[in-house]
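The listed protein sequences derive, respectively, from chains A and B.
No gaps in the numbering here: position 198 of the first sequence is 198 in UniProt numbering, and each next residue is one more.
No gaps in the numbering here: position 332 of the second sequence is 332 in UniProt numbering, and each next residue is one more.
Hints are supplied without guarantee of correctness; some may be wrong.
[Said to hold, decoys possible] Below, a list of computed lysine to aspartate or glutamate pairs in the EDC-like style, where the Cα atoms sit at most 16 Å apart:
no.	chain 1	residue 1	chain 2	residue 2
1	A	K876	A	D368
2	B	K389	B	D248
3	A	K429	A	E532
4	A	K811	B	E281
5	A	K39	A	E114
6	B	K130	A	D1001
7	A	K715	A	E131
8	B	K328	A	D867
9	B	K441	B	D160
10	B	K257	A	E988
11	B	K257	A	D1001
12	B	K118	A	E197
13	A	K625	A	D415
14	B	K273	A	D654
15	B	K273	A	D99
16	B	K120	A	E114
17	A	K813	B	E448
18	B	K273	A	D368
19	A	K580	A	E532
20	B	K273	A	D462
21	A	K457	B	D418
22	A	K455	B	D418
23	B	K120	A	D307
24	A	K650	A	E614
25	A	K177	A	D196
26	B	K327	B	D248
27	A	K212	A	E197
28	B	K257	A	E998
29	B	K257	A	E996
30	B	K130	A	E486
31	B	K120	A	E310
32	A	K503	A	D415
33	A	K773	A	D790
34	A	K112	A	E96
Treat the hints as calculated values from the structure; they're not laboratory data.
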Amino acid sequence: MKAFKVAVMLALAGLSVVAYQSVNTQADPDQVITISFNKDIRPILNENCTGCHGGVGKQSGVSFIYREEALGRGHSGRLTVVPGDPDASGLIERIESKDPNIRMPYKAPPLKPEQIALLRQWIEEGAEWEEHWAFEKPTAQAIPQSIDESKVNNEIDLFIQQSLHEQRLTPADKAEKGVLLRRLSLDLTGLPPTLDELNAFLNDESPEAYNKQVDRLLASKHFGERWASMWLDLARYADTKGYTWDKYRDTWPYRDWVIDAFNQNKPYNDFVIEQLAGDLLPNRTVDNMIATAFHRQTTSNDEGGTDDEEFRTVSILDRVSTTWSVLNGVTMNCVQCHAHPYDPIEHEEFYSFYSFLNTTQDSDKSNDVPHLKYAVDPTKRQQAFDIQEQLIQIKENIAYQAVKLNDQVDWEKLDIESGKIDELTALIKNRDYIQKQIDQADDKKSWKYGQWQLKVKRLNEDIAAIQDQPLAILGIKNGEVYETSEGLAASAIYKLKVNSQLKNISALQFLVAGLDPEIAPHTPEAGYKVNEIKVWHVKPDGSEQPISFAGIVVGNTEVLDGQLSKLFSLHKQREKQGLKPNQPLAEGDSMGSAIALSASHLFNPRWSVAVLAEPIALENGDYLKVDVHRLDQKVRHLAISATTNNDWLKLTADPDRLANINRYTELKPQLSNIASIDVPVMYQQDSWDQRGTALFGRGNFLAKEGELLEPATPKLFPAFEPDSSVDRLAMAKWFFKEDQPLTARVAVNRFWHTLFGRGIVETLEDFGSIGEKPSHPELLDWLAIQFQQDLQWDMKQLIRLLVTSHTYQQKSKITEQLQEQDPNNVWLARGPMQRLTAEMVRDQALLVSGLLTTKMHGKPVMPPQPDNVWGRKGVKIKDWKTAKGEDRYRRAVYTFIKRQYAYPSFETFDMESRELSHARRIPTNTPLQALVTLNDPVYHEAAQSLAELMLEVYKVSPSQNKQAAIRHGYQLVLSQMPDEDTLNILSEALDMAYAEVEQGDDKNAWTAVASILLNLDNALTR
Amino acid sequence: MNLFKNQYASQAEIEALEIETLKAKTRREFIKQSGAMLGGAFLSSMLAPNVAASGSNPFDYTRPLGRPLAPLAPPYPGKAKRVIYMHMAGAPSQLEMFDYKPELKKYDGQLCPEEFLKGKRFAFISGVPKLLGPQFPFKQEGESGAWISDRLPHLAKHVDDMCFIKSMHTDQFNHAPAQILALTGNARPGHPSLGAWTTYGLGTANQNLPGFVSLISGSRSPDGGKPLWGSGYLPSAYQGVKCRSQGDPVLYLSNPKGVNRPLRRHVLDALAKLNQQNYQEMGNPETLTRIAQYEMAYRMQVEASDAFDIGLESETTLANYGAEVGKKSFANNALVARRLAESGVRFIQLFDWDWDGHGTNDTENVSHGLAKKCSHIDKPIAALLSDLKDRGMLDDTLVIWGGEFGRTPMQENRGGQDNILPGRDHHPNAYTMWLAGGGVKGGYTHGETDEMGYDIVKDPVSIHDLHATILYLLGFNHQNFTYPYQGLNQRLTGVHDAHIVSQLLA
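Here chain A stands alone, though its shape is the one from the complex (with noise of 0.2 Å):
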């Protein structure tokens, strides 16, 4: 209910608004220790020091992050602090001097006389330290004794009522039930309670009757559609891309996922570990998938002439600071650029961190990939997931064969003597390709053939001009390819001369690595494809041979899916004329083209084996001829080896690897068989090609500094000591350790902040040192204990403790004590109010009127909006196309979220812009919601049919049913009974309008009521 909240701020300069607790000064001298670091040194420290001595700054050598740096020596030479010694300590020199150069805090006020001794005694009394509360794992805590038996439901009631007699309030009696109906079920299902709803509970007069509406509640499908927008919040889920193109994304199986997962009641610890890691658990399905689509939410930018990697990175970041800050309320995003400020966390633990995430497949491609293909008819999903883990697999087994064989093999480098740039040949060779095209279309209108042709054109251009013109030299260096020219040429055919001293090389390894190795592990290079690699015999005499290939060899899933449907089609050709797989045509092979040496971003060293299909031996003199195509994409730095080992040759006749080849080649088309959408979700890279993590220094991604890092969790926290493989998934169960000390803190105060309008943390993102103090810290520790342990997760059972606590059932009358001594309902001597969400102001109108469908799931709805709010068409999904039956009266959750052009009325009702990760919405109250809800066709629509179904009952009577009807829209919308002044003024209020509507039009006349009935302050808060 707090109003709009706009805190108050500090400034840098140092406006000191602390409220610190002061200490009593005249303790008892028995009393050894007085001062408590965290109540009464940390947040002084925090607020005038720590900004620039700390993670951040460190300046002159001080810092107040850690004891061991604040007893250390400053770039003065002096201790900063010596315990048990305030005058030798250069903390207190610097902020009791009177010389505006020395004193500190520097260039702003100077500290009050109360801090400073404060900061006195504390070093007096041996400048004890203390690790700040949420860091410390929760403690089991007594429970308080009752003082008012009569509002005591369960423990929470005693917790709240110790601080209220502290505070000097009392709890307020429970609500009326009617209000408490709506309260309850707008909190747990979003829609406030049908008639029939309200009268059984009213009915009831069993002691037990809350408590079967809260669990009536926790079972309704509508549950799940409610407590699915907060996590939808926090998973930034949108139908868009965002930026630019905001591209359709088939994501909506995810927010499904969510529902269910809540109406499921699954527990805390598998709801977050399956989003984080479903694709590592063993025995993965379906739904485990879907559930890793949260960190694919991420936004994506399609733009022309984006760099994939900056923007790749930009979304690993984000995943990085949102599960840091949705499952613990740390501020890892402070972390991104250097160490925390204020918290022991280093820069590099950041990216310690990053290393978990940093090796899923997807690389902000434009066509959104990797994707599971999920079925649209629901009973082939299965279907088609089983035939998509047989695809990985196959793709597994024959990559993995493929290393393992390459690991065991010594592999000698060949020197490549020289090489040349053959442009033109290259330039001729990708002409006739489009030309090709252009002769074989069939739509000669269409923009396609336009651009053919004008490449053509531009092509005969280039060829023309460079036709006479010598062959370019190809930097070589150490016998590799090594061309670091800005100019080099898009397309070319590098033909090279290759020197070996071998006898009976067997097979040649292509590899193409970076210009500087080191590097590019971090910091990818640009991509590259190598299209086709012919090689020759050549003589002394210049008499060539060219060499046949039995098959080519790659050890890496992310090129496979081309070449394996390649390596068929080469292998049936070769087995209709009764060869092996392995044996090459006499004439046209083309297995040089099945090379499949490509990387959209190069960052390790990949390798292609090309194996000869009998071996050959150089004599003196001779050497190898090689050409290599590529076109459009530039190879910088490739190696050449050789083998004599026959290994390579068994393996392209081995029957794995070619049941393998025919099965992946039959599964694939069953697959397309099947009608799916492609949902964007995690897939990780193969376990010996991922991506390295370096530091980025000041956070920026072109400038990594020091060694590859390992994954780690950072120090500050329980140890990260995997029973199995080091990677996401144990990341993941990590969080849920016994001793981690904020995932059930965290939970418990998000679930309390939904249902009580303001966490016990108020900060629900930060609960990190300078985030807010738990107002209640023993009830958030015992909430979060019975959530981890007793509760076993349970999430429903949790909302069903905080529900049934008189706490929540109070009545919400703000008094004007309440007003003047706590009127954002702290310490809740009276019961939440809170303004609906922009998805209950929705859903109540539509549900109240008779609207609203109750469909579920599915792809996502198109409810009125008004004609050209896209800025920007779509590219899929080109514009808003109103639905039309029951897709126009869905629940808000269904409704499609466009990033960059949110639906209006959601937007003006606060709803999040889904970009970031967001924990807490900021409730406004502005002119522009009174226009929404009065004048946005949805509203007016709504309006109308409420005024029909007053109308059913007025009109049977219209001289004796005025009241009555008005009474039963009354109810509807508010779950009570008007009293008398209330029906005297919407009675008047339906008078005055049919004076203004033409003779005869109820129905406009009772839709101005109906009107007033939804815009009611009392309507749209809870």
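Please arrange chain B on chain A, whose structure you already have, making use of the hints.
Okay, now just chain B, sitting in the frame of chain A:
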């Protein structure tokens, strides 16, 4: 503070409240210092808040309950009271409009030197492109002798009121992130826009209109979309209201069919009574706020319709702007901007699209396409500056013009081949913006690029510097104008090094 206690809030009371808020702010006494010298020392003394005198906190932007847009005086004296910010989305070519490079003309068609390319990232240029000379003649205009393209003949008459920054630079070279950076100080969506910060700090003078309005012309909306006028982590009341050229200027401004104004009045009267009753019973101050907001909405229905109605302007004025009633154009928006400025709107943001002169099609090139775009803005901006001046409003209206980055001195060669028309790629290293009015020095040119217009050689100005300067003109110190979010006191200039460019100040 409960000023609405037990009574129905009238317009008079709202105004009284505003005056009170203002008084409270002015009581804290601005630093009175001669504006004669404007060196760095003066600046820094201005920026050290003097709060000892009053004891009240000038950095407290807390509003009375539910009055998020109540006007506040800034913590320091600011010359600009409102802002009209014209963003040419797509990034206009500085080399054809303001940054005259005769040398570049000489090298037209020659291959670009490799040092321009080493270690640089481009959106589309690949391989070695050719240099491209300026496509239009330039002239020196006004007493200041500023160079300006002959495609901007009307604007040319105002150069002595304009303050050019030839040395803008950014670190983003894709439209959406660069626009988001230019307007929010951060390339990622989710941060408040300049207009949101301004209305957060200053509120707005006319409560019957939105405080922050965004208007769009051109064939499409800007790439950056909603974040460009969004409120980020600030409360949503500070987001810009994207107003429309057709239909209701503000969404849902008109009553639904069948609801006339008297009927609406009855509805609101009943609502007020019932809500008042509810307040008596429940004591929630938010209820009173809601009553006031409904009344404001009622007034906004009339006032906003008028403010946006350029049909109320004379034929001459329409002709001066090149505006036509009912059309969707930059000219119309420029005229609306003036009307809104007069009506007390705090921040007016204009976007115009189609400036992305790659040379790939008839609209997006730096020859005839750009000439056409220039003709779309030349008269309207000139007329806007004249109107503001005639009305004595230019002194306290800060006018800003620019794009999200500049364009390369090289002809774009997408995929290694020259584009079909003269065109330039995205260029974050150097571009031009200009300011006018609101306390900036007219007839002044700041910063310089090399003779090819490729790199800045003198006085670089980052987006964060520009933001710091704009905030200064509005009466804020960017370092202590903050909002707490995610563990930080967030600023428009973020954690970046940002400096007020004192040379720009009048």
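Do the hints match the structure? See the list:
{"no.": "1", "hint": "K876(A) with D368(A)", "result": "holds (13 Å)"}
{"no.": "2", "hint": "K389(B) with D248(B)", "result": "violated (30 Å)"}
{"no.": "3", "hint": "K429(A) with E532(A)", "result": "holds (12 Å)"}
{"no.": "4", "hint": "K811(A) with E281(B)", "result": "holds (11 Å)"}
{"no.": "5", "hint": "K39(A) with E114(A)", "result": "holds (14 Å)"}
{"no.": "6", "hint": "K130(B) with D1001(A)", "result": "violated (73 Å)"}
{"no.": "7", "hint": "K715(A) with E131(A)", "result": "holds (13 Å)"}
{"no.": "8", "hint": "K328(B) with D867(A)", "result": "holds (15 Å)"}
{"no.": "9", "hint": "K441(B) with D160(B)", "result": "holds (9 Å)"}
{"no.": "10", "hint": "K257(B) with E988(A)", "result": "violated (22 Å)"}
{"no.": "11", "hint": "K257(B) with D1001(A)", "result": "holds (13 Å)"}
{"no.": "12", "hint": "K118(B) with E197(A)", "result": "violated (72 Å)"}
{"no.": "13", "hint": "K625(A) with D415(A)", "result": "holds (12 Å)"}
{"no.": "14", "hint": "K273(B) with D654(A)", "result": "violated (86 Å)"}
{"no.": "15", "hint": "K273(B) with D99(A)", "result": "violated (63 Å)"}
{"no.": "16", "hint": "K120(B) with E114(A)", "result": "violated (56 Å)"}
{"no.": "17", "hint": "K813(A) with E448(B)", "result": "violated (65 Å)"}
{"no.": "18", "hint": "K273(B) with D368(A)", "result": "violated (54 Å)"}
{"no.": "19", "hint": "K580(A) with E532(A)", "result": "violated (22 Å)"}
{"no.": "20", "hint": "K273(B) with D462(A)", "result": "violated (80 Å)"}
{"no.": "21", "hint": "K457(A) with D418(B)", "result": "holds (12 Å)"}
{"no.": "22", "hint": "K455(A) with D418(B)", "result": "holds (11 Å)"}
{"no.": "23", "hint": "K120(B) with D307(A)", "result": "holds (12 Å)"}
{"no.": "24", "hint": "K650(A) with E614(A)", "result": "holds (12 Å)"}
{"no.": "25", "hint": "K177(A) with D196(A)", "result": "holds (14 Å)"}
{"no.": "26", "hint": "K327(B) with D248(B)", "result": "holds (14 Å)"}
{"no.": "27", "hint": "K212(A) with E197(A)", "result": "holds (11 Å)"}
{"no.": "28", "hint": "K257(B) with E998(A)", "result": "holds (13 Å)"}
{"no.": "29", "hint": "K257(B) with E996(A)", "result": "holds (13 Å)"}
{"no.": "30", "hint": "K130(B) with E486(A)", "result": "holds (13 Å)"}
{"no.": "31", "hint": "K120(B) with E310(A)", "result": "holds (14 Å)"}
{"no.": "32", "hint": "K503(A) with D415(A)", "result": "holds (15 Å)"}
{"no.": "33", "hint": "K773(A) with D790(A)", "result": "violated (25 Å)"}
{"no.": "34", "hint": "K112(A) with E96(A)", "result": "holds (10 Å)"}
Checked against the numbered hints above, the structure breaks hints 2, 6, 10, 12, 14, 15, 16, 17, 18, 19, 20 and 33 and satisfies the rest.
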